[in-house]
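*Asks:* Start from the sequences and build out the full structure, keeping to the hints where you can.
4 protein chains.
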Amino acid sequence: MKTLKVAVVGAGFWGRNHVRVLSELPNVNLVAVCDVDRWKADEVAGKYGLKSYDNSREMYEKEEIDAVTICVWSSKLAEETQKALKYGKHVLVEKPMAHTVREAQKILKIAESENLKLSVGFIERFNPGVKRVKEAIQDGFIGIPVLATARRVSRWPQRIGDVGVIKDTAIHDIDIIRFIFGEDPISVYARVGRLQHERFEDYAQIMLTFPHDKAAFLEANWLTPYKIRRLIVTGSEAIISLDYITQEVTIETPKQTITPRHEWEEPLKIELSHFVDCVLNNREPMVSGIDGLKALKISEAALKSAAKGCAIKIKF
Amino acid sequence: MKTLKVAVVGAGFWGRNHVRVLSELPNVNLVAVCDVDRWKADEVAGKYGLKSYDNSREMYEKEEIDAVTICVWSSKLAEETQKALKYGKHVLVEKPMAHTVREAQKILKIAESENLKLSVGFIERFNPGVKRVKEAIQDGFIGIPVLATARRVSRWPQRIGDVGVIKDTAIHDIDIIRFIFGEDPISVYARVGRLQHERFEDYAQIMLTFPHDKAAFLEANWLTPYKIRRLIVTGSEAIISLDYITQEVTIETPKQTITPRHEWEEPLKIELSHFVDCVLNNREPMVSGIDGLKALKISEAALKSAAKGCAIKIKF
Amino acid sequence: MKTLKVAVVGAGFWGRNHVRVLSELPNVNLVAVCDVDRWKADEVAGKYGLKSYDNSREMYEKEEIDAVTICVWSSKLAEETQKALKYGKHVLVEKPMAHTVREAQKILKIAESENLKLSVGFIERFNPGVKRVKEAIQDGFIGIPVLATARRVSRWPQRIGDVGVIKDTAIHDIDIIRFIFGEDPISVYARVGRLQHERFEDYAQIMLTFPHDKAAFLEANWLTPYKIRRLIVTGSEAIISLDYITQEVTIETPKQTITPRHEWEEPLKIELSHFVDCVLNNREPMVSGIDGLKALKISEAALKSAAKGCAIKIKF
Amino acid sequence: MKTLKVAVVGAGFWGRNHVRVLSELPNVNLVAVCDVDRWKADEVAGKYGLKSYDNSREMYEKEEIDAVTICVWSSKLAEETQKALKYGKHVLVEKPMAHTVREAQKILKIAESENLKLSVGFIERFNPGVKRVKEAIQDGFIGIPVLATARRVSRWPQRIGDVGVIKDTAIHDIDIIRFIFGEDPISVYARVGRLQHERFEDYAQIMLTFPHDKAAFLEANWLTPYKIRRLIVTGSEAIISLDYITQEVTIETPKQTITPRHEWEEPLKIELSHFVDCVLNNREPMVSGIDGLKALKISEAALKSAAKGCAIKIKF
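Chains as they are written, first to last, in the numbering used here: chain A, 1 to 316; chain B, 317 to 632; chain C, 633 to 948; chain D, 949 to 1264.
I should point out that these hints are in silico values taken from the structure, not numbers from a laboratory.
Since the model is a prediction, treat every value here as computed from it, not as a measurement.
Watch out, some of these pointers could steer you wrong.
[Claimed, not checked] With a straight-line cut-off of 30 angstroms between C-alpha atoms, the simulated BS3-like cross-links for lysine-lysine are: (1) D/K1031 - D/K1010; (2) A/K47 - D/K1252; (3) D/K1256 - A/K47; (4) C/K766 - A/K255; (5) B/K356 - C/K634; (6) A/K227 - D/K1079; (7) C/K947 - D/K1252; (8) B/K610 - A/K308; (9) D/K1082 - B/K585; (10) D/K1256 - C/K940; (11) A/K304 - B/K629; (12) C/K859 - D/K1082; (13) D/K999 - C/K947; (14) C/K679 - B/K585; (15) D/K1203 - A/K47; (16) A/K269 - C/K887; (17) D/K950 - D/K1010; (18) D/K1175 - B/K571.
*Replies:* Okay, here's the thing in structure tokens:
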């Protein structure tokens, strides 16, 4: 079996999950973990028998690595991604990929010129429920889709300090709705507010207008005392709902309500497995750098809309 | 017991419900029913032992009537309401009360100058579940309210031909959200579409901005193959949901989910009973003409927003 | 249209429901109502424009009546049924039909010799959900049925004073399970208890053994603070559940959970309509006197089992 | 920190779970794994860095071990438990502990005379939901408990070949209901059947009678195409339900339905952690050998009842 030599940059909450999952993939040789906080890197490295670094540049120079996954803070994602690409590594960078559209564009250029795989960590794309929703819509089960409503709310995860709820949280649903509708939104209208966070918006309502009279409404916040992550797509013939957490899909038609039964599968495992597979077999990742760039662009337009109090047209 | 002499104008689907409920109220003497379609009026009058008219003017001149409820088509509501007021009758007019804000204003003036009770048929105000939601919010159960989301969807009721889904359907939730938040929205952004209806929008998405960083999102359509009527209010401490149809309220807190148990009560009975009581005892109806006017104004602003593709400020 | 001249014997809670429903059936000429409590009979008669009696014998002699429905107390059902049959009336008698198997047998004989229709008020047979469960099982949707579990619990209805929870309440499920399995039980094992009722058992657990290795478990009580009425049938391939109250049926298969959507229909209306139809068109009622007799026999065997602490064989 | 030297006997499906969980407990030094199938033992040992044996006697002689958990086939449990006890090891033996009551008694005697801890793997005792049900009942939330209904159904787990559904599956609920009621049943009535299994019953319905008019009904099978594991306790004031799988508890009172929110916790981790703690600190295990013996005795009485077709009294 061909195996891929992988390292993880960032050993925080999410980076550890990457390490855990990568360590179990049969075609991965997990080599090293890197974190600016040396103590964190050492701890994780010790548990999984990896090399430990507090400087990714040093890691790239000393270790033989094919690909990295980047799980650092939002404000450092672009910098680390560029570094990895410049060292010739294939990259899966966590969302939101970069702090600004401009940075994201730079990343895309480098990846393209270096001919490296670049994917963005929109993990919900690998939620089996999303696949089922997409297929049900494609197969015509709900008739003409009219509106997608997404709610993604939770208590504020204190660990996130350098980005607001739109670029951190709503961005998942922005990507998913683009994916499900198979189109890009043409305008956005949004409102944001801040109740507990010191610097960034901690709740947002976003309305996206799509071609062919489709629309989406997104509610995201860090206020709600427990996690809800749901998607409802209203069609002319039926309604399909997804609980992202339980992965349960429900289709309501005039005649009946159906809930298919499926085993829960870990989306991160599917995501990382797919990325590894793309690199090893030279396939295009399902989530491209362009997807990351577009979601970021829509997020920025939403923030601009909220600041100006008017709808913003989006051009790609 | 003091009794009120009442007539019903309009013997269609909803007017018949008025007749059925009024005929059972102990302090009502239901006198007559009127419909331009003589046959309809006769049929209802026969079943309940009432006088039958096909001309309300004639009815007002021949019968001794204190108050009327007006259940004619949307486009005729204002005309019939003005007529009734001019004949000195207290009026409960079905929503949307009038076809335009201008007409509604005229109605309010007449009612005021004639010193007559005027109420608008926002029946959901009398849904016991709405009262429970309002109380829970007032009592601080959900902390600071942030967003109200309302879905009111159903197959197109073919009987409605002279008004779109905003003024016919979404207007219920526009009124309820004003009531629950205890404030008027300051701006509206909306999108509408038409899939099956020949003249009017049959689906709409409306986003309302309220003072103090509250917002509301309304989904209304005549496409969905079965009835859903739901309200969710997200607060900083809890989420409260209402199924308007079952009247079931659910409060989700970090610690638990609670669903109080209550007997279902017919909102129309509570509404008409309240109106009769207000006339008999000279009290102000819970739903005033002003409420009707404001909901209509917001509906018109939503339609204007959809036409222009931008947010519209609302001033009262 | 042929119409049937009907009277109702018993103007209590349930008799009034009979009157309300019969008064709306197009092929019924509801003539009179009778109750030993004259005041009750008069009140109902006044509301629906009927003749009022406090003595059924007198009613049968003075009025022209084809059929009666009998809604008196359990301890008086047999007596009133015999009287009606002797006067040549077709009878729908409320469950449990008689106080003892012996009385029930006598009733059956009279009905047969007089060639009169006799049906017993097992209203759940006319619950549309029961029909759907029966059809699903017949169509093989659940594979081989193994166990039916019925729960029928509620707060003690104070109006019931002359019979325990088995003959009043569990008897519904005894009949339904016979109907659904299409067979009679061969033995019964039961336990009963009394927490609040002064004379009769107010909770019971009954286990029925059927041929071909099928079994049923019934829980019935008057203790539970609110109404639950549910049936679950476990099969070798799927599970089918019914909420008798909402009439919602759910089928759980290895692949999915399906809940068909149906309008709620009033079982009493279907039941009385069916009975009237059987008399008018000389058809056999779906629920026969034999069904009443068998349910009573099983109930008595359950009480005997509980008293003796052992399983009792049932022979028909 | 004191640590306990532990070995696992049996490296099948469930033994591997023991190894996984024990390897993560901080106060455990997991030494070895043993399976008659050498290949299985080696595989697990390799993954977790343990010693591997195919003969437990050899393991006890060569390794320094304080305690073992025994996860072999039901028919071998008693033999392996006796061996371990004779070698002076504390033992947690998987249910049903032994194949017969007689064997179980022998085990208890040895454990007592050797002064060793003995516990039985009734894992549901460590389901946090069970604790909540027990506490709610003790705190009087449901009034007087009247009936416990347990359903534990699933597709036949092919790996189980040496015991029927009562001793393998229903035994969990037998133990739980004893625990929740705080009493032993005084009689049992049961029915069993066999649809797919070659030797043993694959479905069973069991009715247990407890003192003070409490009863329990248990449904267990290996026919139902997917897993359901539920417990409902009906009380005079409320009903409490548990989904063993999601650990969700629901309390239905006349006023409301409450579902407390809790994080899911792995029962096996709590169970093994408790056992280790009991050995290290010389405390009595929550599930004693007596509990195992009693559950087995009730299981045997159920099988006897089914064979004889009558209720069987149980004496301890």
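*Asks:* All hints are to be evaluated individually against the structure, with a verdict given for each.
*Replies:* A quick look at each hint next to the structure:
For the given pair, D/K1031 sits about 15 angstroms from D/K1010 by alpha-carbon distance, which is consistent with the 30 angstroms threshold. About 53 angstroms separates the Cα atoms of A/K47 and D/K1252, which puts this hinted pair outside 30 angstroms; it is violated. With a CA separation close to 58 angstroms, the supplied pair D/K1256 and A/K47 exceeds the 30 angstroms bound. For the hint linking C/K766 to A/K255, the alpha-carbon distance of about 19 angstroms falls within 30 angstroms, and the restraint holds.
Taken as a hint, the B/K356 and C/K634 pair is honoured in the structure, with Cα atoms around 27 angstroms apart against an allowance of 30 angstroms. Between A/K227 and D/K1079, the direct Cα distance comes to roughly 25 angstroms. Compliance with the 30 angstroms bound is thereby established for this hinted pair. For the hint pairing C/K947 with D/K1252, the CA-to-CA distance comes to about 24 angstroms; that is within 30 angstroms, so the pair holds. Restraint check for B/K610 and A/K308: satisfied, since their Cα atoms lie roughly 25 angstroms apart, inside the 30 angstroms limit.
Proximity of D/K1082 to B/K585 is assessed by CA-CA distance (about 44 angstroms); at most 30 angstroms being required, the pair is judged violated. A hinted pair counts as satisfied when its Cα atoms are at most 30 angstroms apart, and D/K1256 with C/K940 qualifies at roughly 17 angstroms. Straight-line distance between C-alpha atoms of A/K304 and B/K629 comes to about 18 angstroms, which keeps the hinted pair within the 30 angstroms bound. At most 30 angstroms may separate the alpha-carbon atoms for a hinted pair to count; C/K859 and D/K1082 meet this at roughly 24 angstroms.
Proposed proximity of D/K999 and C/K947 is contradicted: the alpha carbons are some 65 angstroms apart, above 30 angstroms. For a cut-off of 30 angstroms, the pair hint linking C/K679 to B/K585 stands: about 20 angstroms separates their Cα positions. Between D/K1203 and A/K47 the alpha-carbon distance is near 51 angstroms, which puts this suggested pair outside the 30 angstroms criterion. In summary, the hint linking A/K269 to C/K887 is supported, as the alpha carbons are separated by about 24 angstroms, within the 30 angstroms threshold.
In summary, the hint linking D/K950 to D/K1010 is supported, as the alpha carbons are separated by about 22 angstroms, within the 30 angstroms threshold. A hinted pair counts as satisfied when its Cα atoms are at most 30 angstroms apart, and D/K1175 with B/K571 qualifies at roughly 27 angstroms.
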